[in-house]
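Q: Based on the sequences and whatever the hints tell you, model everything.
In order, the protein sequences belong to chains G and R. In short: position in the first sequence from 1, add 1338, done, that's our numbering. In short: position in the second sequence from 1, add 1041, done, that's our numbering.
Here are the simulated BS3-like pairs of lysine-lysine, each with C-alpha atoms no more than 30 Å apart in a straight line:
1) G:LYS1773 x G:LYS1598
2) G:LYS1563 x G:LYS1685
3) G:LYS1484 x R:LYS1296
4) R:LYS1116 x R:LYS1149
5) G:LYS1685 x G:LYS1670
6) G:LYS1670 x G:LYS1773
7) G:LYS1511 x G:LYS1484
8) R:LYS1116 x R:LYS1200
9) G:LYS1655 x G:LYS1685
10) G:LYS1511 x R:LYS1269
11) G:LYS1521 x R:LYS1296
12) G:LYS1511 x R:LYS1296
Simulated restraints on C-beta separations:
13) G:HIS1757 x R:ARG1266: 33 to 39 Å
14) R:ASP1357 x G:GLN1574: 24 to 30 Å
15) G:PRO1387 x R:GLU1326: 44 to 50 Å
16) R:ARG1266 x G:GLN1574: 28 to 34 Å
17) R:ASN1246 x G:GLU1657: 43 to 49 Å
18) R:ARG1266 x G:LYS1563: 38 to 44 Å
19) G:ASP1635 x R:GLY1310: 33 to 39 Å
20) G:VAL1579 x R:GLU1262: 40 to 46 Å
21) G:ARG1562 x R:GLY1310: 48 to 54 Å
22) G:LYS1521 x R:ARG1266: 32 to 38 Å
23) G:ALA1522 x R:GLU1326: 25 to 31 Å
Hints in this document: simulated from the structure, not taken from any laboratory. Model, not experiment: these values are computed from the prediction. From the three backbone atoms N, C-alpha and C, an ideal C-beta is built for every residue, glycine too.
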Amino acid sequence: MAVAVIMPELGESIVEGTIVRWLKQEGDSVQEDEPIVEIMTDKVNTELPAPASGVLQRILAPANATVTVGQELALIASASEAAATPAEPAAPAPVSAPPPVEAVGFYGGAEEPAPVATPAPAAAAPSDGQSRTATGQPFISPVVSKIAREHGISHEELLTIPGTGTGGRVTRKDIEAYLAQRKAEPAPKPAPAPAPPPVAAPTPAPQPVAPREGEEIIPLVGMRKVIAEHLTKSYQTAVHVTTVIQVDVSKLVEFRERNKESFQQQYGVRLTYTPFFVKACTDALLEFPMMNATLQDDQIIVRHYVHMGVAVALGEKGEEGLIVPVIRDAHKKSLVDIARELEDIAKRARSKSISVAEVQGATFTLTNPGSYGALIGTPIINHPQTAILGTYAIVKQPIVIDDMIAIRPMMNLCLSYDHRLIDGMYAGRFLQRIKRAIESFEFFK
Amino acid sequence: MREVTFLEAIRLAMWEEMERDPNVFIIGEDIGRMGGAFGVTSGFFEHFGEDRVIDAPISETAIIAVTVGAAAAGKRGIAEMQFIDFISYGFDQVVNVAGTWLYRSGGKTPIPIVVRGPSGGYVGGSLYHSQQFEAWFFHTPGVKVVQPAFPDDAYGLMKASIRDNNPVVFYEHKYLYRRIKGSIPEASEDYIVRLGEARIRRYGNDITVVAYGAMVHFALEAAQRLEKEGISLEVIDLRTIKPLDMETILESARKTSKVLIVYEAPKTGGVGAEISARITEQAFEWLDAPIMRVAAKDAFVPFAEPLEKFVLPSVDDIVFAARELAAY
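A: Below, the structure written as structure tokens:
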């Protein structure tokens, strides 16, 4: 009986992931616990081990497919079973089939089987901008298919042609230009001579961009790819708006100057400004829970607890990306606890010894562009959260107090929020709440 | 060559055919002494007399029936619908009587009639004076359907329709009547445009646009605009809607691999659906994009100008659809 490879729960808030690539192909033999597929979630890429030894009989979710927790990704047959069954992959057994395949149903098999190779060519209506089939493969139009056939262009070669159509689709003009160029080249290259790396479902091949002088080409992979997709999703989903407020941080600066050495001695932790911001922000979130919410479909999930994400840049110049470790239950923690935890997770984030769980589940995010001198900015919300607070550089400025000019250390707080959920006044009041906490310095009451 | 309006081209074609063939006569409402609601038969009554230019009572059934009966007796009648919308009253005469007669008579009795009249919108004519119901007769066996876009075609096609031995429904777009001018051959040249032949009015490489009637002019304007964006449209003027010149359409579709069909009638169940289906059947392998249609909304043509504009297809609609196809 075949064993199903099930999409596991990879973290508390993770409900789906994307198949990056299959490390094993249909027909390959696999050992139990051997990594067989790479899955990307909101936070991290992870490799999934085989649940049993045997032969990878059938891949149900091809590369690029989005899969939900509990979904079947593949079937692994025992070696003897694989030998007995013909090589032809059996169609996914329908629920009502009399000899039920045990593995058919995490959901009782009523779910549509993952569309493995549904030929849905012209399903793409141009107004939808779709040019991909249900399997996520690029749509090959009839005329492109015909020209490819007539000129002996393989499917793999076809996928390497740069496409200018919707979604990178290869148009008739593209393939004709390609043929003209191929013809112009003196010796036609033996097209797919070196065995192409085994790719499960041919992912849209990256267009081979030739670097010009003074350029280099870096493939978009790993953390950068995840960040790129994550931010794009956020920017396309949330209605971003940023509100800025100026805070007089005299008391905060004074306190830190006066206590940083004793604090270090007493608690063994460096005293920075961040724990104060985490604390002020956390308290404000409890009073303004909509800032701490998530809009999911037609429901608003409002939290009365705070998991505070704190952005940590990686690399000396920030060239190694960014990660957002989470201070869990920040509302239950003291300033000292927060300071201690911050130092710990920041250090481990930089040394890349942080676990998936530690970067998940934040309900709000704090970012500190002030650390590199930034004065003002418009942070992008950490999807699917509702708001992000940026703390900017502390600069001494002349300000007017009681009609007198004074010199005070001032700081901008920039709050980007999802305008679908949060109106301007609510955001303003939220910021005022934080401002008051910092200016009156009510941390040790 | 003579420089004439679209309307004048039709008038001259009928005039010359009546001069040429004494069997040709015309019947309709107010076409005699008044010269027709749009003046298409202006001067006919005085020149050809009341036996050949017949003022009819307000009954489209009778008007068409007279031409059918006369045709069975050897005449060639032209039935004018004051507005082609009212052809619905004579529907049975066209579909069940004229259309079937040759078949019913075992091929012995042709019914050479032309049922003609002003069609189409863009003039604020509203419900009964704006419609394009060519699809009804496109669907009917035994009937030919013609709709010219330019004076030379209107002239040549009208002559061919009068001489044709089948019932022909001839759509004259009223928006074009006096707006479009062009030259037509001298009467002595005996010029006709054979039915069933489309004409490419503009050559292009990126997208084939199939249109007829006023939509040809819209498509040509869209083509001019899109040329600046580097999108090249090939505009086919069907001229005869039935029989359909699939050869010209298919040849162009094979060249461009992208087809946009433009018609003024409601989109659903229109001529565009048939053209699209035939291209798919006969040239599927040549397509690089879905075949698209620009047509009127599935609604009546309202009176108010903004509403009429909303319902009927526009040059912008064609431009947008063509851009979408070009980018596909």
